[in-house]
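Peer 1: What follows is each chain in one-letter form.
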Amino acid sequence: MMRSQKTNGPKMSDASIHASAIREDDASFGDYFALLKPRVMSLVVFTALVGLLAAPVSVHPVVGFCAILFIAIGGGASGALNMWWDADIDKVMKRTKGRPIPAGKIEAGEALGLGLALSGLSVIMLALASNILAGAFLAFTIFFYVVVYTMWLKRATPQNIVIGGAAGAFPPVIGWIAATGSMSVEPWLMFALTFMWTPPHFWALALFMRNDYDDAGVPMLTVTHGRRTTRVHILIYTVLLALLAVGTAFSNIGGPVYLAVSLVMNALFLHGAWRILRRDEADSEGDNFKAERRFFKLSLLYLFLHFGAILAEALLKPFGLGGW
Amino acid sequence: MSFKPQHELHQRRFGRNLGVGLSLGAFVLLVLALTIVKVTSTDFKFPQIQTEEQN
Chain E
1 MMRSQKTNGP KMSDASIHAS AIREDDASFG DYFALLKPRV MSLVVFTALV
51 GLLAAPVSVH PVVGFCAILF IAIGGGASGA LNMWWDADID KVMKRTKGRP
101 IPAGKIEAGE ALGLGLALSG LSVIMLALAS NILAGAFLAF TIFFYVVVYT
151 MWLKRATPQN IVIGGAAGAF PPVIGWIAAT GSMSVEPWLM FALTFMWTPP
201 HFWALALFMR NDYDDAGVPM LTVTHGRRTT RVHILIYTVL LALLAVGTAF
251 SNIGGPVYLA VSLVMNALFL HGAWRILRRD EADSEGDNFK AERRFFKLSL
301 LYLFLHFGAI LAEALLKPFG LGGW
Chain Y
1 MSFKPQHELH QRRFGRNLGV GLSLGAFVLL VLALTIVKVT STDFKFPQIQ
51 TEEQN
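Just so you know, the sequences run in chain order E and Y. Note that the numbering used here has the first sequence beginning at 1, numbered continuously upward. Note that the numbering used here has the second sequence beginning at 1, numbered continuously upward.
Per the computed footprint, the stretches of chain Y lying under chain E, defined by three or more beta-carbons under 8 Å from a beta-carbon of chain E, are: (1) 4-15; (2) 18-24.
Beyond 12 Å from chain Y on every Cβ pair, some chain E residues (computed): (3) F46; (4) I163; (5) N252; (6) D280; (7) D283; (8) G286; (9) L316; (10) W324.
Hints listed in this document are in silico derivations from the structure and should not be mistaken for laboratory results. As the structure is a prediction and not an experimental result, all values here were calculated from the model. Positions of the beta carbon are idealized from the N, C-alpha and C atoms, including for glycine.
Construct the entire structure; sequences and hints are all you get.
Peer 2: And the structure:
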């Protein structure tokens with residue numbers, strides 16, 4: 001938009017810059033960083049770190065740091081590719097219209113270039129820093145998020161969040177593989193925890209963002225099956241998640257600390273889901289979706305504390321504590 | 001005599017260039033650190049030695 005103004009406008013010289021020739025929204029370094037979805041990246045960093053530290057082997061700190069960094073960059077790269085593909089719907093939704101591409105700060109092609117370059121860099125560097133299996137898993141995760149979720153499922157099925165949630169659940173598995181070079185049951189329990197957590201988390205968001213997904217034509221459950229069905233689905237997934245989360249306490253990555261945290265958080269989460277189920281649209285609009293917003297915030301704390309408890313169990317083990 | 005204050009556009013571009021420069025510098029240092037860790041680890045072998053062992 002502004003780019004054409006820059007090329008077609010009056011010629012600039014160092015001595016005098018014509019005010020109309022300046023691209024007022026010229027991207028800053030921070031805008032490029034925003035393409036990497038830093039908030040999502042922080043979740044990726046944390047869960048991958050837990051996966052790496054919960055593994056029953058010691059990793060050199062530099063290797064561990066590199067592994068987490070390149071997993072994070074891989075996650076960021078898939079975020080940039082997601083913004084490139086979804087630029088058309090991002091500018092329609094209130095939640096996303098401030099992103100660098102719809103805001104006119106960065107061209108979609110720049111996001112594509114950055115995403116592809118960082119994808120290649122992160123996969124190769126993770127494979128070199130840790131092992132090829134970890135690199136391959138990171139490549140698969142980027143492919144899954146960008147091609148399977150963003151390009152295919154997101155606009156095709158109300159199950160988009162359910163299946164696409166797998167992409168966000170892979171980082172602890174990659175962290176574990178980066179440390180051990182192999183797979184076992186434990187990282188898949190962490191995968192399952194994030195996988196089952198994603199639907200209620202996003203459906204709560206879809207409830208209080210109301211018309212956003214509707215306007216963008218994204219077939220979220222709220223749009224295709226109605227808001228009542230979404231409330232029921234949130235409770236069903238929360239019950240299944242609670243069974244899985246508490247059950248994980250009795251695995252090798254669990255222990256008394258994890259069990260205590262999990263029991264409290266799942267009781268709160270179930271209570272929140274039950275409250276959402278009991279409300280109708282009039283109740284929700286009456287208090288501006290207070291319960292739904294609270295449930296969404298609680299979901300962030302829920303995941304953080306569960307992975308924090310897994311980390312605590314792993315860190316206590318060298319002192320003869322942690323685990324059963 | 002005083003210079004004209006730098007235009008905000010140039011400040012923003014300087015910030016962007018500085019960010020890219022620092023990121024590349026950090027990447028170089030990271031690769032260096034990783035290389036040192038890898039070659040000083042106990043299970044490291046130079047490729048020629050591995051080839052000789054295979055023969």
